[in-house]
Amino acid sequence: MEEEILRAVQHLRKLSAGRPTAVMYSGGVDSSLLLHLLSMAGVEKRAAVLLLSPLFPEPEDLLGMESFAAKRGFEFVVLEEGLPEEREFASNPPSRCYHCRLKEIETVKRWAEGAGYEVIMDGVNSDDLEDFRPGLEAAREKGILHPFVDIGWGKGEIRKAARHLSLEVSERPSSPCLASRIAYGTPINDFTLGVVKEAERLLREEGFTSIRARLHSALLPAPGGEEVRVYILRIEVPRQNFGELISRPGIAERLKALGVHYVTLDLEGLRSGSMNEYFL
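Counting from 56, one number per residue, gives the positions in the sequence shown under the numbering used here.
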């Protein structure tokens with residue numbers, strides 16, 4: 056692993072070319088490792104930019120994230136933004152991720168240009184290319200660099216490198232955008248985002264650390280000719296946790312109390328990209 060890490064550092068040194076470099080930082084393993092490698096590469100002016108948005112779970116350890124960045128010589132910057140206002144986002148079409156990511160990148164680029172940062176990188180990895188990710192097109196259009204893609208590193212290589220370097224975040228579970236938990240065609244609003252956020256918080260409080268709460272909906276006919284939007288919460292956990300989850304008293308009732316009509320356990324277990332399986 057030592058040789059692979061050195062090659063990654065050399066690549067980052069070449070990419071930055073001595074220019075001030077900003078990283079879109081989430082506190083996850085990918086972007087945290089990128090910070091560490093950039094510090095090894097000796098990039099002089101560097102910033103870790105955290106974007107706070109209703110679309111992302113609130114960081115559990117903001118001070119820890121700031122400390123991680125500061126120890127590696129990064130300016131730690133927190134930017135805030137609200138939900139995208141475009142109908143193309145709120146109606147939640149398959150292209151939703153493009154519009155969302157475009158707004159995020161534009162927010163970071165405005166700050167970077169004003170602060171004198173010439174290069175922006177993120178922690179996208181080669182495994183991300185295998186899923187349906189319209190947001191990658193927005194990143195390409197805006198010139199965001201993906202160093203891990205360049206060197207062919209996926210999630211496995213990134214965690215392996217983080218462990219080799221003894222990074223404290225090496226076992227941290229991923230926590231992607233909350234909108235990615237909401238099925239296409241189900242509107243994105245404060246209610247639907249709140250359901251997935253609170254469902255995952257509830258399950259973590261019960262001791263389940265590897266989870267996804269996926270929200271589906273359908274417009275169904277009701278007496279009187281009206282249509283009612285029915286919400287189905289689909290829970291993904293590793294298969295070895297099925298028995299423990301099902302036997303835990305009161306969980307289904309607490310999840311339904313969030314405002315959904317049905318709560319289900321996905322028998323295929325926890326996996327990445329399950330919202331896109333029907334068309335990939």
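Please note that the accuracy of each hint is not assured.
In the DSS-like style, the derived pairs of lysine-lysine whose C-alpha atoms are separated by at most 30 Å in a straight line are [said to hold, decoys possible]:
#: 1; residue 1: Lys100; residue 2: Lys69
#: 2; residue 1: Lys100; residue 2: Lys252
#: 3; residue 1: Lys197; residue 2: Lys164
#: 4; residue 1: Lys210; residue 2: Lys69
#: 5; residue 1: Lys164; residue 2: Lys69
Honestly, the hints are just simulated from the structure, not real lab data. Here the structure is a predicted model, which means the values were calculated and not measured.
Against the structure, the hints come out as follows:
no.	hint	verdict
1	Lys100 - Lys69	15 Å, holds
2	Lys100 - Lys252	35 Å, violated
3	Lys197 - Lys164	9 Å, holds
4	Lys210 - Lys69	23 Å, holds
5	Lys164 - Lys69	21 Å, holds
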